[in-house]
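K.L.:
Residues per chain are reported as follows:
Number of protein chains: 2
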Amino acid sequence: MAVTLQQIAEVAGVSRGTVDRALNNRGRINPEVADNIRKLANKMGYQPNRAGRALAMSKMPVTIGVLIQAAKTPFMEGVLNGVIEAKAEVESLGARVLIKTINDMDATKAIEEMQNLKEEGCNGLAIVPVDDEYMKNMIDKFAEEDIPVVTFNSDIEESKRLCFVGQDTFRSGKVAAGLMAEILPESGKVLVISGYPTIYGHRNRTKGFTRELKNLRNDIKILDIQYAFDDDQMAEKITKGMISEYNDLAGIYITASGVHGVCNALEEQGMLNKIKVISNDLTEQNIRYLEEGKINFLIGQDSYEQGYQPVMLLFDKLFDSKEPEKEFIYTEIVIKTKYNLV
Amino acid sequence: MAVTLQQIAEVAGVSRGTVDRALNNRGRINPEVADNIRKLANKMGYQPNRAGRALAMSKMPVTIGVLIQAAKTPFMEGVLNGVIEAKAEVESLGARVLIKTINDMDATKAIEEMQNLKEEGCNGLAIVPVDDEYMKNMIDKFAEEDIPVVTFNSDIEESKRLCFVGQDTFRSGKVAAGLMAEILPESGKVLVISGYPTIYGHRNRTKGFTRELKNLRNDIKILDIQYAFDDDQMAEKITKGMISEYNDLAGIYITASGVHGVCNALEEQGMLNKIKVISNDLTEQNIRYLEEGKINFLIGQDSYEQGYQPVMLLFDKLFDSKEPEKEFIYTEIVIKTKYNLV
DNA sequence: TTGAAAGCGCTAACAA
DNA sequence: TTGTTAGCGCTTTCAA
Chain A
1 MAVTLQQIAE
11 VAGVSRGTVD
21 RALNNRGRIN
31 PEVADNIRKL
41 ANKMGYQPNR
51 AGRALAMSKM
61 PVTIGVLIQA
71 AKTPFMEGVL
81 NGVIEAKAEV
91 ESLGARVLIK
101 TINDMDATKA
111 IEEMQNLKEE
121 GCNGLAIVPV
131 DDEYMKNMID
141 KFAEEDIPVV
151 TFNSDIEESK
161 RLCFVGQDTF
171 RSGKVAAGLM
181 AEILPESGKV
191 LVISGYPTIY
201 GHRNRTKGFT
211 RELKNLRNDI
221 KILDIQYAFD
231 DDQMAEKITK
241 GMISEYNDLA
251 GIYITASGVH
261 GVCNALEEQG
271 MLNKIKVISN
281 DLTEQNIRYL
291 EEGKINFLIG
301 QDSYEQGYQP
311 VMLLFDKLFD
321 SKEPEKEFIY
331 TEIVIKTKYN
341 LV
Chain B
1 MAVTLQQIAE
11 VAGVSRGTVD
21 RALNNRGRIN
31 PEVADNIRKL
41 ANKMGYQPNR
51 AGRALAMSKM
61 PVTIGVLIQA
71 AKTPFMEGVL
81 NGVIEAKAEV
91 ESLGARVLIK
101 TINDMDATKA
111 IEEMQNLKEE
121 GCNGLAIVPV
131 DDEYMKNMID
141 KFAEEDIPVV
151 TFNSDIEESK
161 RLCFVGQDTF
171 RSGKVAAGLM
181 AEILPESGKV
191 LVISGYPTIY
201 GHRNRTKGFT
211 RELKNLRNDI
221 KILDIQYAFD
231 DDQMAEKITK
241 GMISEYNDLA
251 GIYITASGVH
261 GVCNALEEQG
271 MLNKIKVISN
281 DLTEQNIRYL
291 EEGKINFLIG
301 QDSYEQGYQP
311 VMLLFDKLFD
321 SKEPEKEFIY
331 TEIVIKTKYN
341 LV
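Read top to bottom, the protein sequences are chains A and B.
Each residue of the first sequence is one higher than the last, beginning at 1 in this note's numbering.
Each residue of the second sequence is one higher than the last, beginning at 1 in this note's numbering.
Honestly, the hints are just simulated from the structure, not real lab data.
The structure presented is a predicted model; accordingly, all values stated were derived computationally and were not measured.
It is possible that some hints are incorrect.
Which copy is meant is left open, so a pair is good if it fits within one copy or across any two.
Stated by the list, open to error - Straight-line distance between alpha carbons at most 25 angstroms, and here's what the computed PhoX-like set of lysine-lysine pairs gives:
no., residue 1, residue 2
1, K294, K336
2, K294, K221
3, K274, K189
4, K59, K100
5, K294, K43
6, K326, K338
7, K72, K338
8, K221, K338
Input sequences plus hints: build the corresponding full structure.
P.N.:
This is the structure:
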C-alpha cells in the first residue's frame, strides 16, 4: 500500500494539515519543520494519490482552455481527437476542459477568445498561436498572471509560453531529403515547391531538405525553390513550366499544399510515376494521392499527440505542479507509404 | 458540474446505495427499480467519477500482473517503459501493478509465474505467451475464473485471452515490399532472409513481402527465401553464397535477426550501399547500421504502446468494466530511416 | 430489497 | 505557526 499524508504525519509527529502545507509549499509553516517533512516524505517514498487530490479539489476544479482553428482538415480532426481524449481523461479526475474553435484565425479574434477563456475561469491555456505581436504580448500577460500557456502546432518562440508541442520542421525537411536520395535515379533533377517564404515552418523544411540532399547526393541538382502560396493552380503552373523546361526533372518535394496541382500537371504531361513526389501532411487529399500511387511518400506529424499532449502538460502542471520536461516537445516525424497508413 | 450518484438518488427518490447497486449490476435490487434508475442515469448523462471510485476501492485495489521476458533489448526496454508509465498512471488511482520478468521463456516457468501472480492477488494478467498447449490451457483456466488475460507482442489466437496487442506482421511484410519496390533498380533480384519457418510472425512477414512485391514490380525476381534461424553467421553465409551466385542481386529483406551477418557479407564483398537492405525491428544494433547508412530502412513496432496498452486495457476492464474495442489491437508500423529515428 | 453510515486520501477553511 | 474538521464521489458493510 502506498504511503499517505497521514502516515507521514504520524511518523513526523505533526498533523496531516502540516504535512500538506510542507509538501505543497503552501506557506504558513515553520521552514525547518517543512524541510524535515519534505525529507521524510522523500525517504518514505511518498507519491500523492491523484484520486484523493482530485476529489478534494473538485470544489475549485482545474480548468483548461483550448483554442483551436475550426478547419475541418483530417489534421485538425486528429488534433481534436487528441484534445477530446485528454479532456475525458482529466475530466474523470474532476478537471474541466473548455474547447473554443475559431473560424478565421486572425490575431484580434484569437486574443479576444483568450480573454473570454480566462473570464470563464481557465487556469491554463493551450493555443495554436498566430505569429503576431499582440498575441505574443497576450501570452506574456497570461504567464505573468500565472496562467500558463502552451503553444502547439505553431509557436512563438520569443514569448513566455510554458512550452511548445509540434513538429521539428527542419528535421522533417531532412527526412524528405533522405527519402528523395533513396529513390532518385542517377543525376536526377529536383524541384522544391514551398508554401510561403514568410512561414517559418515552410522555410525550415526547405532548408532542411536542400541542405541534406546536397550532402547525400552530389549527382543531384536542385533546380529551383518556388513558392506556390498554398495554391494548387500556382503549383500546377510551376510544375508544368519545369517539366517542359527540364526533361530530366526526376523529383518534386512539396513542403506545404500543392499536391493536387502537381499531380494534375504530372497527369496531363504523362509523367505520373516517372517523377517522384514527396510531400508533407496527412491531409485527406494527400492520402488519396498516396493510396493511388501518384505520390511516393508522405511525411506526417502526429496530430493526435499534438492535441493530447498540450492538455495533459497543462493538467500535470496545474494539478501536480509538474513542469514539462522540455521547452520544445517535438512530435514524431512519421513516414507514410500506402502500406502503413493508419 | 458532472452528475453524481447522489443527484440521481435524489431525483429517483431512493438512496445512493440503491443507485450504486442499479448502475453496477450488483444484484440485491428490484429489477424494475434498477431499470428505471439506469434509464434515469442515462438521461441525466451520468459518468462515474474515477477519483471517487478509486478512493472507495483502495481497500481492495485492482491488481494487474505483467509477465515479460527479461531480455535487455531496446525493444523490451521500450515495452518495459510503456508498462512502467501505465503502472504509474493506474497506481496514482490506487491500483497495483506487479511486474515479473522471466529469464528463459519456457512454458513451464511461465505457467508457474502466472500461478504465482494469481496467488499474489492479481485480477488480470498481461503476458507475452509462449506458443504452447499448456500455456493456452492456463489462459483459458484464468479466463474461466474471471481473470482476464491480455496477450501482447506474440499471441495465442485459439485461447480465451481478452485481446491481443501487437504488430500485424503480414502488413509489416507488405510495408517492406512497398519500400523495396521504391528503391530497387530495374530488374533487380531480391533475397529474403527469414528467421524460423516455425514462427508465425516470420512466416507472415515473408508472405506479405513476397506477395506484395510480385504485385508491384513484375520486373523483379525473388531469388530465394532462406531461413537463418536468427543466426548471424548463417545469415552471412547465405548472403555470401547468393552474392557470388547472382551478380545482379540488388536487395535483401530480413524478417528477423541477421542484419549483422548480412552487413558483414556485404562489406567483405564490397557490396555495401550497392545492395539495398530492409529489415525489421529497432534493435540497438539495427539502429546503428541504419545510422551508418549500411542498411536503408528499418520497419519497427511501437514497443512503448505494446507495454502501455495491455495494462491500460486491463485497468479499464477491471476498474470501469470497459471491454477492449477490438480483439486484435495492432500497433503502428513505423518506417525508420536514419533521419526520423527516436 | 432498501437505507444508513463509515471511510478511502486529500485540500481548504476555520480554530487555536 | 499548527491542529482540527468537513467534505469531495464512490463502494461496502451492516442494519432494517
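K.L.:
Hint by hint, note whether the structure agrees.
P.N.:
Results for each hint:
{"no.": "1", "hint": "K294 <-> K336", "verdict": "both (14 angstroms within a copy, 22 angstroms between copies)"}
{"no.": "2", "hint": "K294 <-> K221", "verdict": "both (23 angstroms within a copy, 24 angstroms between copies)"}
{"no.": "3", "hint": "K274 <-> K189", "verdict": "both (12 angstroms within a copy, 21 angstroms between copies)"}
{"no.": "4", "hint": "K59 <-> K100", "verdict": "within (23 angstroms within a copy, 40 angstroms between copies)"}
{"no.": "5", "hint": "K294 <-> K43", "verdict": "neither (61 angstroms within a copy, 49 angstroms between copies)"}
{"no.": "6", "hint": "K326 <-> K338", "verdict": "between (33 angstroms within a copy, 23 angstroms between copies)"}
{"no.": "7", "hint": "K72 <-> K338", "verdict": "within (23 angstroms within a copy, 33 angstroms between copies)"}
{"no.": "8", "hint": "K221 <-> K338", "verdict": "between (28 angstroms within a copy, 22 angstroms between copies)"}
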